[in-house]
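Required output: the full structure, derived from the provided sequences and hints.
Each chain, written out:
Protein chains: 2
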Amino acid sequence: MSEIAQIGLKPALERVAAEIDRNFDLLLPVPEDPRARLFHAMRHAAIGGGKRMRPLLVCAACDLFNVDRAAALRVATAIECIHVYSLVHDDLPCMDDDDMRRGRPTVHIQFDEATAVLAGDSLHALAFELLADEATHADPFVRIELVRELARASGPSGMAGGQAMDLAAEHETFDLSTVTRLQQLKTGALIGFCLEAAAIMGHVPAEGRTRLRGYARDIGLAFQIADDLLDVEGDEAAVGKPLHKDEAAGKATFVSLLGVERARQQASMLVDQAIAHLSSFGAEAGLLRAVARYVVERDR
Amino acid sequence: MSEIAQIGLKPALERVAAEIDRNFDLLLPVPEDPRARLFHAMRHAAIGGGKRMRPLLVCAACDLFNVDRAAALRVATAIECIHVYSLVHDDLPCMDDDDMRRGRPTVHIQFDEATAVLAGDSLHALAFELLADEATHADPFVRIELVRELARASGPSGMAGGQAMDLAAEHETFDLSTVTRLQQLKTGALIGFCLEAAAIMGHVPAEGRTRLRGYARDIGLAFQIADDLLDVEGDEAAVGKPLHKDEAAGKATFVSLLGVERARQQASMLVDQAIAHLSSFGAEAGLLRAVARYVVERDR
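Keeping their order, the protein sequence lines are chains R and U.
Count the first sequence with the working numbering and you get residues 1 to 300, in order.
Count the second sequence with the working numbering and you get residues 1 to 300, in order.
There is no bait here: all hints are sound.
Result set (SDA-like, lysine to any residue): computed pairs, CA atoms no more than 20 Å apart in a straight line:
hint : chain 1 : residue 1 : chain 2 : residue 2
1    : R       : K51       : R       : A237
2    : U       : K251      : R       : R37
3    : R       : K251      : U       : D33
4    : R       : K251      : R       : H171
5    : R       : K245      : R       : R104
6    : R       : K251      : U       : D112
7    : U       : K251      : U       : D227
8    : U       : K251      : R       : D112
9    : R       : K251      : U       : R37
10   : R       : K245      : R       : T173
11   : U       : K251      : R       : D33
12   : U       : K251      : R       : A36
13   : U       : K10       : U       : K51
14   : R       : K251      : U       : A36
Don't read these hints as lab results, they were simulated from the structure.
Note that the coordinates shown come from a computational prediction; the quantities given were computed from them, not determined experimentally.
Below, the structure is given as C-alpha cells:
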C-alpha cells in the first residue's frame with residue numbers, strides 16, 4: 001500500500017493544502033511594478049483557503065497509478081487555478097454578488113471589481129501555462145491531452161456552460177433531470193477532470209477510465225446535493241459564506257425538488273455507488289473511498 | 001510568390017474575415033438547452049465584426065513558411081477567441097464601461113453582465129481547446145508549444161498584466177517607458193504571439209524568429225500609437241466606439257506624452273523599422289509589409 005493511502009483523510013487534506021499553497025506562493029511572486037495589485041489579488045484568491053478537495057482527488061488517484069507526486073501536484077494546481085478563477089468571477093456583483101468566501105472578503109470586496117475580473121482571467125491563463133510547461137510532464141502527448149480535457153471541462157460544454165444554466169435557473173423552473181445536468185456541468189465536469197487527469201498521466205486503459213469516470217460522476221453529484229443541504233441546514237460560520245441564497249433566489253435545487261430527507265438518501269446512495277466503482281482496486285484506493293464519504297459528511 | 005502575397009491587403013483582410021467568421025459559426029452551434037443564451041452571446045461577440053488584423057498576421061506569416069492554411073486559420077481563430085474575450089471583459093461596466101463596440105451594442109448591453117463574464121470565460125477556454133485539438137496540427141510538440149506561448153501572452157505576464165497596468169494608470173501618472181511597457185503587454189504580447197505561432201508551425205530557426213519578433217514589437221507599438229491618435233482625432237462613426245475616453249480619464253498615452261505630431265512621427269518610424277526587419281524576405285512578405293503600413297493608416 002502506498003504512503004498516502006495509509007494516512008487518514010484529514011492529514012492527507014492538510015498535506016495537499018500545504019503543497020498547493022506552496023506551489024501558488026512560488027508561482028505568484030508579486031512583481032515590483034504596477035501589476036502588483038493584480039498579483040496580490042490572485043494570491044488572495046488562491047492561497048490559504050478552500051478545502052482543496054480537487055487537488056486531493058488528483059493526488060489520491062495519481063497515487064493509485066504511481067504517478068510522480070510533483071507532476072500530480074502541478075496538475076492539481078492547474079485545476080485549482082480554474083476552480084478559484086470560477087469562484088472569483090462567480091462572486092462578482094453581476095453574478096452571485098457574494099461578499100464573503102472561505103471566511104474572508106471576496107476579491108472584488110478586498111480589491112475592486114475590475115481587478116477581480118482580471119485576477120480570474122489571469123488564473124485561467126495560468127492553468128494552461130502550467131499544464132503546457134514541460135516541468136509538469138516530459139511527454140508532450142500527455143500534456144496536450146491534459147490541456148484539451150481541461151479546456152473542455154471548464155468551457156461552455158463544461159463548467160462555464162453549467163454556470164450559464166445556473167443563470168437561466170433564476171428565470172425558469174428546472175426539473176430534476178435539468179438540475180442534474182446543470183450540476184454535472186457546473187461542478188461535475190471539473191471533478192471528472194481530476195480523475196481523468198490521473199488516468200491520462202497514469203496511462204490507464206479504457207476499462208479503468210470508465211470506472212474512474214463513474215466514481216467522479218457519483219461523487220460530483222453527491223457533492224452538490226451536500227452543498228444544497230448545507231445551504232439549507234449548514235452553519236454560516238463553518239461554511240464561511242452566506243447561506244439560503246438558492247432559496248431566496250427561488251432556484252430549483254436537489255433539496256427543493258426532493259426534500260431534505262430524500263436528498264440526503266440520494267447523496268448517501270451516490271457515495272455507496274461511487275465506492276462500488278472502486279471495487280477492483282484494493283486498500284490503495286482507501287483515500288478515494290474516504291473522499292467519497294467526506295463529500296457528504298463535511299460541514300463546509 | 002505565393003497566392004496570398006499577390007493579392008492586395010483589402011481582399012486579404014476580407015478573405016480572412018470571412019474564413020474566421022465561418023470557423024466561429026461552425027465552432028459555436030447554439031444548443032437547444034438553457035445554455036443557448038451563452039452561445040448567442042459568444043456568437044454576438046465573435047462573429048461579423050472587427051478588423052481581424054491578428055488572424056491576417058498569422059495567415060500572412062504562415063504563408064511565408066508554407067504552413068497549411070487550415071492549420072493557420074485554426075490558430076488564428078484561437079487568437080481571435082482570446083482577443084474577443086478580452087474585449088468583452090474590457091467593455092464591462094467595472095472596466096471601461098463601453099456600450100458600443102464595432103458599431104454594435106457590447107455583450108453586456110445586448111445580453112447582461114453575467115452572461116458577458118461567462119461568454120468571455122467560455123471564449124477563453126475555447127482558445128485552448130482549439131489549439132490542443134489534433135485537427136489543428138498533427139505534431140503534439142507544435143500544439144503544446146502553441147498552448148504555452150498563448151497562455152504566457154494572454155496571462156498576467158502578458159495581456160492581462162497590461163490590462164492591470166491600465167487600471168493602475170487611472171491613479172498614477174505613467175512616464176513614456178511605463179506606457180510603452182503597458183502597451184507591450186496589453187496589445188504587444190498577443191500580436192507577438194501571432195508571428196511566434198507562425199514561426200512555431202513553420203519550424204523557423206532562431207534567427208528568423210528574432211526578426212519576426214522585432215517586426216511584431218514594432219507594429220504592436222505603432223498600432224497602439226495609432227489607436228491613441230484615433231482616440232484624439234478619429235471619427236466616432238468609423239471607429240465604431242466612443243472616443244476621447246483616455247483624455248477624460250486623465251490617462252497618460254503616447255499622444256498625451258509626445259503630442260500629436262511627435263506621436264505620428266514615432267508611429268511612422270516604427271513602421272519603417274518593422275518593414276526593415278523583413279528585409280531578408282522577398283516579395284512573398286509583401287502582405288506583412290502592407291499590414292505594417294495599414295496599422296497606422298487605418299481609420300478604425
